[in-house]
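Let the hints inform the model, and build the full structure from the sequences given.
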Amino acid sequence: MELLLVITMGCLYAAGVYLILKRSMVRLLLGIILLGNGTNILIFLLGNIVKGHPPVIAGELQSLTDVYSDPIPQALILTAIVISFGLTSFAIVLLKRVYAIIQTDDLDNLNTPEEEDI
Amino acid sequence: MISHIIIAPVLVHLFTAIVLLAFWEKILAHRIISIVGSLLGLIISVRLFTRVLNGPILTMNAANWDAPFGIVFVGDLMSTTFVLLTSIVALAVSIYSATGVSKGRIRYGYFPIFHFLILGLNGAFLTGDIFNLYVWFEVIIISSFVLLTIGGRKPQLEGAVKYMTLNILASTFFLTGIAILYGITGTLNIADLSQKILLVEKRAIVNMTAMFFVIGFGIKSALFPLYFWLPSSYHTPPSAVAAVFGGLLTKVGIYGFLRVFTLIFIPDDFIQLLLMGIGVMTIITGSFGAVIKNNLRRIFSYLILCHLGFVIGGLALFTEIAFIGLIFYLIHDIIIKSNLFLMAGLIRQLRGSMDLSRLGGIYGQYPKISLMMAVVLFSLAGIPPLSGFWPKIYLFDAGYQSSNYFFICGIIIGSFITLYLMAKIWSEVFWKDPKEEANSLDHFAPMPLFRKALLVFPIAFLAGVTLMIGLNAEFIIQVASKIAGEMADPTPYIEAVLVK
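Listed in order, the protein sequences are those of chains A and B.
Heads up: the first sequence at position 62 corresponds to 49 in the numbering used here, and the numbers run straight through without jumps.
If you want the numbering used here, it's the position in the second sequence, counting the first as 1, plus 55.
Hints in this document: simulated from the structure, not taken from any laboratory.
Yeah, the Cβ is synthetic: ideal placement off N, Cα and C, and Gly gets one too.
Among the hints, erroneous ones may be present.
Pairwise CB distance ranges (calculated) [to be verified]:
#  : chain 1 : residue 1 : chain 2 : residue 2 : range
1  : A       : D93       : B       : L504      : 47 to 55 Å
2  : B       : R162      : A       : H40       : 53 to 61 Å
3  : A       : K38       : B       : N109      : 53 to 61 Å
4  : B       : F124      : A       : V13       : 36 to 44 Å
5  : A       : T75       : B       : E256      : 37 to 45 Å
6  : B       : F343      : A       : T75       : 33 to 41 Å
7  : A       : H40       : B       : I321      : 44 to 52 Å
8  : A       : I79       : B       : A77       : 23 to 31 Å
9  : B       : F124      : A       : Q90       : 48 to 56 Å
10 : A       : L51       : B       : I260      : 22 to 30 Å
11 : A       : S76       : B       : G159      : 18 to 26 Å
Now the structure itself:
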C-alpha cells in the first residue's frame, strides 16, 4: 500500500512540475492542481498507514502501546485540501478572465506589464 | 505567561472586516469603519508591544490544549514589533485608501479584503505553530490575489498570473517542507521542533528539509534567483495596495526565514554560505535592475529586492551584532517601503504619470510636500542621522568581525546605488523643469482641502515615524538588541511555550 502511494506521489510531483513548465495556461493550472495533490499524499504517507489500528486507547490501558495510525496528518490534509480548493477556484477564474482579455492560451503573451512605460 | 491579549490584533481586523461586509456598497461607511478599525488595531498593538517590551514573553494556547499538542500563539518581542509595524502601515494605508482608491474598487469590497490581509499578517507574526503559519500564509496570499486583481485592468491581470503561480508554488514547497519535518520529528510546534530536531540522526534529511523552506520563503520574500514575479506585478495595482505589498508581504517571508533559521535549522557552514550568496546576489541584481528602470514604482520594486539582501546577508553572518543590524533594518524598511509607494501614488496625482521623463518641477510648485518626501528619500539612502544609517553601522561591524568582505562589498554597492537613485529621482521628479502640459494633468490642485489632507497625512505620518526611528535611534537599538538576544539564545522562547 505504502509503496503504491509513494509511486503515485512521485508521479504527481513529476507531472505537476512538467506541466507548470509548459507555456499553456490550462496546463499550468493542471500542474498546480497535481502538485497540490502530490503534497497531500506526502502528508498522508507520514502518518503510519496501517489497517485496523485507530488511535484510541483501550479502556484498561493508560497509553497507546501498539502501532497506530496518526490522525494529525489526516487533519492537516483536510486543511490543505480546503485551502487548495479555494486557491484553485481563484486560479481558474483568473485564467479565464485573462483568456477573455488576451484571447490566447500562450503564457508568453502576458507581457503588457513589462512593455508599459519601462 | 498566558495572556489572551495576544490574539486581539487578529480579532480587531477580523471584526472590522465582518462589519465592513455588513455595509456592502456603502462607500462612506466603508472608509470610516476601516480607519476606525485600523486605529483600534494600532492602539492594541502598542499596548501589546509595551507589555512584551517590559515583561515576559506572552503565550496563548488555543482551546486550552497544552503547548506541544494544541496550536499556540506566542508574543515575543520580535512578533510584537512586527505586529506594531504592520498596524502603523495599516493605519496609514487605510487613511490613504479613503481617497487614493477608486469608488469602483471600494464598491467591490476593497476594504474588507484589505482587513483580511492585515489579519493574516498579524496571525502569521503571532503564531507559534508551523502548520498554522502555513494557514496564515494562505490567508495572506488569497487576500493579496484579490487586492492585486480588483479593478480588472489588463496589466493587473497579467501581473496577477505570475504572482499567483509563483505564490502557490511557494506554498507547495513550504507545505512539503512541513510534511517532511513532521515526518522526522512528529511535532508541529516551533519551540518543540527546535528541541526534537536535534535528536534526528540523519542530518542530511534535516538539511534537505531546510532547502524546502529556503525555496518556499525565498519565493515569498523575492530573493535571488526567485524574485522575477515581484517587479512584474508590484507596479500594476493601485498605490495603496502596492504600499501594503511592498512594505509587508515580502517581510512575512523574511520573518519566516528569521524564525525557522534561528529556532529549527541552526545554519551550518553550507547554509550560511548559501544564504550569504543569495543575499549578496539579491543586493546586486536588485540595485542594477533599479538603475535601468524609468518608472517610479518599478524602481521602488527593485529597491525592495535590493534591501532584502541586506537582511538575508545579516542572517547568514549569524552573530548577535548582525541580528541587531538586520532587525533595525527591517523596522526602518517596513515603514519606508510602504511610504515610497504611497509617495509614488501622490506623485501620480500631482503629475498624472509615474514615468521619470514626464515628471518634474514638483519642488517649485509644492515645496512642503517635496521636503517631506526628501526626508524619506534621504532616510532610504542612509544619510546620517536618518534611519537608514544606523543599521548599516551594525551590519558593517558584523561583516568586519566575521571578516566577510564579500558581504561588505555588497552593502557598499547596494547603498551607493540607492544613493545614486535617490539623487536621480530628486533631480528628475522634483528639480527638473516641469513639462508644459503639467498643470492640465494635476489632479491634486483642484481637490477640496479635506481630500488633499487625507492623501498627504498618511505620508507625513509615516515620514514622521521614519524621522523618529532615525532621531530616536537609541531606543530602537535597545529594542533590536533585545530581539537579537532572543534570536541568538532561544531558550526563553522555548521555556515560555513549553511551560509545564
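Inset, instruction - Go ahead and decide if the range 37 to 45 Å is satisfied by the Cβ distance of A:T75 to B:E256. - result: holds (38 Å)
Inset, instruction - Using the beta carbons of B:F343 and A:T75, state whether their distance is inside 33 to 41 Å or not. - result: About 37 Å separates the Cβ atoms of B:F343 and A:T75, which means 33 to 41 Å holds.
Inset, instruction - Return holds or violated for the Cβ distance of A:S76 and B:G159 against the range 18 to 26 Å. - result: holds (23 Å)
Inset, instruction - Return holds or violated for the Cβ distance of A:H40 and B:I321 against the range 44 to 52 Å. - result: Violated, at about 36 Å.
Inset, instruction - State, for the Cβ atoms of A:L51 and B:I260, whether the hinted interval 22 to 30 Å holds or is violated. - result: Given a distance of about 25 Å, which is inside 22 to 30 Å, the answer is holds.
Inset, instruction - For the range 36 to 44 Å, tell me whether the beta carbons of B:F124 and A:V13 fit it or not. - result: Holds: the Cβ-Cβ distance is about 43 Å, inside 36 to 44 Å.
Inset, instruction - Just tell me: holds or violated, for the beta carbon distance of A:I79 and B:A77 against 23 to 31 Å? - result: holds (29 Å)
Inset, instruction - With respect to the beta-carbon atoms only, verify the hint that B:F124 and A:Q90 lie 48 to 56 Å apart. - result: holds (54 Å)
Inset, instruction - Determine whether the Cβ-Cβ distance between B:R162 and A:H40 falls within the hinted range of 53 to 61 Å. - result: With Cβ atoms ~55 Å apart, the hint holds.
Inset, instruction - Can you let me know if the beta-carbon spacing of A:K38 and B:N109 is within 53 to 61 Å? - result: Since A:K38 and B:N109 have Cβ atoms about 55 Å apart, the given range 53 to 61 Å holds.
Legend entry - A:D93 paired with B:L504, Cβ distance criterion 47 to 55 Å: At roughly 50 Å between Cβ atoms, B:L504 and A:D93 fall inside 47 to 55 Å, so the hint holds.
Comparing the model with each numbered hint stated earlier shows that hint 7 is the single one that does not hold.
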